[in-house]
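Assemble the complex: chain A is given as a structure, and chains B, C and D with the ligands must be docked to it using the hints.
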Amino acid sequence: MSAQKLSIAQAVRDAMRDEMRLDPTVLVLGEDVGVDGGVFRATEGLIEEFGAERVIDTPLAESGIIGLSVGLAATGFRPVAEMQFMGFVYPAINQIFSHAARMRNRTRGRLSTPMVIRMPYGGGIHPPEHHSESYEALFLHTPGLKVLVPSNPYDAKGLLISAIRSGDTVAFMEPKRIYRAFREEVPDGAYTVPMGKAAIAREGSDCSLLAWGAMTRVCLDAAEALSAEGVSAEVVDLRSLNPLDRETIFESVSKTGRAVIVHEAPRTAGFGAELAADISEHLLLELLAPVRRVCGWDTVFPLSKLEKHYLPNRGRILSAVRSTMEF
Amino acid sequence: MSAQKLSIAQAVRDAMRDEMRLDPTVLVLGEDVGVDGGVFRATEGLIEEFGAERVIDTPLAESGIIGLSVGLAATGFRPVAEMQFMGFVYPAINQIFSHAARMRNRTRGRLSTPMVIRMPYGGGIHPPEHHSESYEALFLHTPGLKVLVPSNPYDAKGLLISAIRSGDTVAFMEPKRIYRAFREEVPDGAYTVPMGKAAIAREGSDCSLLAWGAMTRVCLDAAEALSAEGVSAEVVDLRSLNPLDRETIFESVSKTGRAVIVHEAPRTAGFGAELAADISEHLLLELLAPVRRVCGWDTVFPLSKLEKHYLPNRGRILSAVRSTMEF
Amino acid sequence: MPKSIVYEARTERLEILDLEGKVDLELMPEVDQELALKLYRHMIRMRAYDSKALRLQRQGRMGTWPPSLGQEAVQAAVGMAMDEKDWLIPSFREPGTMIAHGVPAHLIYAHWAGDERGACYPENIRCFPPAVPVGSQWQHGAGVGLSLKLRKERAAAVVFGGDGSTSEGDFHEGLNAAGVFKANTVFVIQNNQWAISVPLSHQTAAETLAQKAHAYGVPGIQVDGNDVFAMTLVAREALERARSGGGPTLIEAVTYRLGDHTTADDASRYRDEAEVSYWEKRDPIRRLRLYLESEGLWDEAQEEDFVAEVNRWVDEQVEAFESMAPADPASIFDDMYSELPSRLVEQRELLLEEVSR
Amino acid sequence: MPKSIVYEARTERLEILDLEGKVDLELMPEVDQELALKLYRHMIRMRAYDSKALRLQRQGRMGTWPPSLGQEAVQAAVGMAMDEKDWLIPSFREPGTMIAHGVPAHLIYAHWAGDERGACYPENIRCFPPAVPVGSQWQHGAGVGLSLKLRKERAAAVVFGGDGSTSEGDFHEGLNAAGVFKANTVFVIQNNQWAISVPLSHQTAAETLAQKAHAYGVPGIQVDGNDVFAMTLVAREALERARSGGGPTLIEAVTYRLGDHTTADDASRYRDEAEVSYWEKRDPIRRLRLYLESEGLWDEAQEEDFVAEVNRWVDEQVEAFESMAPADPASIFDDMYSELPSRLVEQRELLLEEVSR
Ligand SMILES: Cc1ncc(C[n+]2csc(CCOP(=O)(O)OP(=O)(O)O)c2C)c(N)n1
Ligand SMILES: Cc1ncc(C[n+]2csc(CCOP(=O)(O)OP(=O)(O)O)c2C)c(N)n1
Ligand SMILES: [Mg+2]
Ligand SMILES: [Mg+2]
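Heads up: the protein sequence lines correspond to chains A, B, C and D, in order. Just so you know, the first sequence maps onto residues 1 to 327 in my numbering. Just so you know, the second sequence maps onto residues 1 to 327 in my numbering. Just so you know, the third sequence maps onto residues 1 to 357 in my numbering. Just so you know, the fourth sequence maps onto residues 1 to 357 in my numbering.
Just so you know, these hints were derived from the structure itself, not from any lab. One or more of the hints may lead you astray.
[As the list claims (entries may be wrong)] Pairs of lysine to aspartate or glutamate residues, derived as EDC-like cross-links and limited to a Cα-Cα distance of at most 16 angstroms, are as follows: (1) C/3 with D/34; (2) C/182 with A/53; (3) D/3 with C/15; (4) B/308 with C/353; (5) B/308 with C/26; (6) C/22 with C/328; (7) B/308 with C/339; (8) A/308 with D/300; (9) D/182 with B/53; (10) C/182 with D/207; (11) C/152 with A/53; (12) C/3 with D/12; (13) D/3 with C/354; (14) D/182 with C/24; (15) A/308 with D/328; (16) C/3 with D/26; (17) D/3 with C/12; (18) B/197 with D/207; (19) D/3 with C/24; (20) D/3 with C/18; (21) C/3 with D/15; (22) A/197 with C/339; (23) C/3 with D/24; (24) A/308 with D/353; (25) B/255 with B/206.
[Stated by the list, open to error] Derived DEER-like restraints, expressed as beta-carbon distance ranges: (26) A/180 with C/352: 46 to 52 angstroms; (27) B/308 with A/23: 38 to 44 angstroms; (28) C/338 with A/255: 30 to 36 angstroms; (29) C/342 with A/322: 32 to 38 angstroms; (30) D/349 with A/326: 18 to 24 angstroms.
[Said to hold, decoys possible] Pulled a few chain A residues facing chain C out of the computed Cβ check, cut under 7 angstroms: (31) 52; (32) 53; (33) 61; (34) 63; (35) 70; (36) 71; (37) 75; (38) 98; (39) 105.
Note that beta-carbon positions come from the ideal geometry of N, C-alpha and C, so glycine has one too.
Next comes chain A alone, as it looks inside the complex (with noise of 0.2 angstroms):
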């Protein structure tokens, strides 16, 4: 297979492209998913290509995005949904958790609802309000969905593939700060990175940073300066945060001794801590200090003019490892 390199935002596109190409069940729908190409260009082409049956732009409403997709998910179709931002899916939460993560099981697999929800999450572009939030945890809290955080392009088009694949409504996070921060090789064709693995994006054994989208590339670059300091951190790009790879998880903090779990959302129930409690309850006697969480703070996401100092950054994180490794 021959490869190109592309952005992120290029190998999402590619994800749908490809697939699409093989799967005439496969729709994009949305807002300004067709003409415009997307607001972040990630759907650029698609209606040219696969015309506007297949590449739908929906009148603005989020709720009934995600209801029209359940209707054509379990009548045959596979709708890959675009919410604008992920700051604009609570209108939708209602069709997502209520009905299309509850599909086949209320039904005993009589009706399911393959879909995958597209969303563009987390800070670092200076928007206006509301286009900043990270709201995994309130996906990972509610049964019936997957949902998957690429931190790379080869990521980002494997995990896409496999969450159009998968069967299940896949909640797919897209770190937009990072849509067009670098560009990297990136097959052509369809392949697929397998849901329920973390990869190791950096080998240590000091201090395990777990991380998922654009925080991994924070923690990479703390895991340097760390070095540095003679500290060996490990980070675990988590990339599938249901299903998780527990196993990866485990295996490096009990190397460790010792982990760090960062992520953009409001630390309070935020998904570090389902990470910190389970570690700490699997791991107590292995942890050589108490499990911290470098977070976005318990409050609005800031405006621009505030915003770097609530996102979690390479000072916080370091001072976190400090504090583990003194401890």
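This is chains B, C and D with the ligands only, laid out in the frame that chain A set:
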């Protein structure tokens, strides 16, 4: 002050009635709250006393109920909105999370939305689908909301009055399973139970059981059974999940060295995870055993025939405490 | 043209069968007598099926049940007008349509008795499970209608909801999307005048629900929902329009909930006896029977025989659902995902352990 | 009456000022020339204010900005028709109304430049902050209108939204509730034909947006939104109805977004130059100027003077927001609650520690 024996449902009603007598800006609105007196009779008699301008039967639209409340609250009223069941709050999530929770912060104090969102929650009444859910984790992860959950009539009345007076948007969760299960002395007239204070429902020295709402009583029952086994369990009724009384929690767990958290909502990323993570981080060296969680499974809440296999029960709590004691 | 009219609209109402059982032959030149009998039998059957559920509930053998008493004509007419290939997306008060569309009656009992297997219909039956979150099903109707259109199937999606459900935002988004996409969808409102204790006048200031169609550029029509012939005509026309790519229709079927909202409700708390008796006179079954008798198609003897047959059938349904093997406790994990994540495998084992203790 | 008409409706459209600046004196017998000048000045001011924001954005001194170019007449007319006691609930593209209603112009700049203090208006100004989640503000308009009604204040709530926002369920729930409660609310749709890249024809199959009012038993009217006189008349009438307890009105103001959706958008990707030039001919400022000139109320010299004044004013606004003291980092915790929970007190201290390092 004289007192009467009231159920939780009656105490809730009395709280609204007494506060409406004192404060003309308090309104009650929701589906069937007027003439019908609420499907659980929690607003019975209010429309007769206060009229249809203060006890408002709304159209069947949860987003509308909260959207109206935002408009009412920001301009001087104190709405007490009812969601008929917590399972039906999803359509209102955008209004609650994007607006009510944020108004004060995003206007730096100029406008605020003092309101209470009453929600009967939880299992145990064998109803149709969507009538048994507990979504507190979603509200606790969302900055800007207070979350209260009484477990008895006295607290129900006093906490609800605190909520109405609080100045913030408060999610008030009512354990419908024990709405009418028992009666206790409740003082006449308005009084408050402070937010942010947990209650020690039973003292003990070997293991802390942390719970709220209907699960408090299941824990009390388990504690009784444990005492026969020679295990002294302390039951902490959290009551106020945000603000949270971490001092009382930490004190209790420091004393016992062991903690089991019990809630009805699914385990993964439930509020139990936050508590376990927080306790494990702060008391790592004092813990004699890993913090355990006894929760709902990570499944859809089952229909009545299998409901008993879903909800945390005495047996499950006993096993968790025993495994903690034997660790 | 400084002051001009940019939109003009009217909303029609159809009635064919009057209270005395007389048919307006201009509107319905050929009444299909075969069908009339079929509809009548189905409505009788459904009334017995419904009242049995209420008795079972009182005996603790059934969960909360939403009665259909008085709404049989809407449900029967739509159900009988549908083809096998049409999809049904019910709300929670349409057993009469579901059963006419082929859903095994005992499964509906099982569902409301608290068994998820009751929503696992035979594979060839094109029917969604009931939707309890009010209004949330409207968009599924739009989505299925779009699905059929995209596949170029000559079939329609029929989605039901109550008068109260028209107040939810999802009604709006569903109708609007169906209008834009010209989806193969028929939207049927069972306007039974009440949403639990809230009368229609507190639900909306609109004079009719059918006129809400004007907001979406979609044809809307009001119909006497207790008039099974008018319902049939309107349903057929809307189904035909949908199947042939003519786009969606909104039908407001004006009927009345003669019973309580559900077995958990007591309607006497909030409504007058006088209103109930007004509507009892408009009972859809009575009207049809008057017609059938006047045409010599039905008599007391036939009624007796048929009622006996129906009672046997109802008993069979009870027997069928009550003799289902108890559901496996671990089945609450089944079908949560296409394959169970390891965390759930673990939880499932814990439950099995607990159960086997 | 077997087939009958149960609802009849028409939707009117009002225009007064034609493209050449001529006024229909039958519809507007006394044009208030004072007001005409006031409106003109405000529109000129707003256009300068808006284009300055675009320049600031290109220079990195402003965040994402949603331009109002071409929509000045709607915003000015409604703003000028409002009283101090009326509440304004904007969407995100109404600086012209907000400023007319008394919101300090530099605060709006500050807000879109990424400073929360920009939504903390002076206490006496009855205005909500912009609502970015599209459509979510409609219900606030209904709620504030109900609030005013319950308090028996002679005042109205005016809530704005775009054509795209009418597709959200919250539009439906807001209009429906306002209809039921006869709330003191004026709903104004700025129909600028586009929701980012989606044209109105893909947003709804309804021929007009004004006709959506029929779904709620609420009066609706379409108006040429680039005709500041027609807008004024319609706004006044609706405001008067609302203030006097006559209930809500839905106004569809037909206008056009001459610029990009926001500074993050490139409209040339999805729409024709021809359409844009068609609408440029309908520029609301040009039409009003032709009128003023024909009446001898305005000339080139006045224009020049005024433009100079406006430019000074705009510069003052820039100066005012750019000279605000930097926001305290810890202020992100302020006003999260009426009193800060201990957990947040802790986090706030951590942040202050970090900042002081
Ligand atoms: C979203 C949601 N809110 C509230 C309820 C509780 N509830 C169940 S049925 C009902 C009334 C429904 O009225 P209508 O739509 O007219 O249908 P009907 O019951 O009359 O058939 C209500 C409020 C619910 N099931 N879902
Ligand atoms: C709920 C929600 N969905 C999507 C968006 C992204 N978005 C911002 S403005 C806009 C289009 C709005 O169109 P319209 O209502 O016509 O207003 P206009 O921008 O034309 O003034 C969209 C899709 C949003 N802000 N909120
Ligand atoms: Mg009804
Ligand atoms: Mg627009």
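Does residue 70 of chain A meet its interface restraint, that is, does its C-beta lie within less than 7 angstroms of any C-beta in chain C?
Residue 70 of chain A check passes; min Cβ-Cβ to chain C is 5 angstroms, inside 7 angstroms.
Proposed interface contact between residue 53 of chain A and chain C, which counts if any beta carbon pair is under 7 angstroms:
holds (6 angstroms)
Quickly compare the C-alpha distance for residue 308 of chain B and residue 353 of chain C to 16 angstroms and report which way the hint goes.
holds (15 angstroms)
Does residue 12 of chain C lie within 16 angstroms of residue 3 of chain D when you go C-alpha to C-alpha?
holds (7 angstroms)
Residue 3 of chain C and residue 12 of chain D were given as a pair; does the straight-line alpha-carbon distance stay at or below 16 angstroms?
holds (7 angstroms)
Does residue 63 of chain A pass the interface hint, meaning its C-beta sits closer than 7 angstroms to a C-beta of chain C?
Hint on residue 63 of chain A: holds, closest Cβ of chain C at ~5 angstroms, below 7 angstroms.
I want to verify a distance hint. Is the separation of the beta carbons of residue 342 of chain C and residue 322 of chain A within 32 to 38 angstroms?
Since the Cβ atoms of residue 342 of chain C and residue 322 of chain A sit about 34 angstroms apart, the hinted range of 32 to 38 angstroms holds.
Does residue 3 of chain C pair with residue 15 of chain D here, judged by a C-alpha cut-off of 16 angstroms?
holds (6 angstroms)
Go through the hint on residue 105 of chain A and say holds or violated, using the shortest Cβ distance to chain C against 7 angstroms.
Holds, because the Cβ-Cβ distance from residue 105 of chain A to chain C comes to roughly 5 angstroms (cut-off 7 angstroms).
Hint consistency between residue 3 of chain C and residue 24 of chain D [alpha-carbon to alpha-carbon, up to 16 angstroms]
holds (10 angstroms)
Given the hint that residue 197 of chain B pairs with residue 207 of chain D, does the C-alpha gap stay at or below 16 angstroms?
violated (58 angstroms)
Restraint check for residue 3 of chain D with residue 24 of chain C, where alpha carbons must lie at most 16 angstroms apart:
holds (10 angstroms)
Going through the hint list in order, the structure does not satisfy hints 1, 5, 6, 7, 8, 13, 14, 18 and 31.
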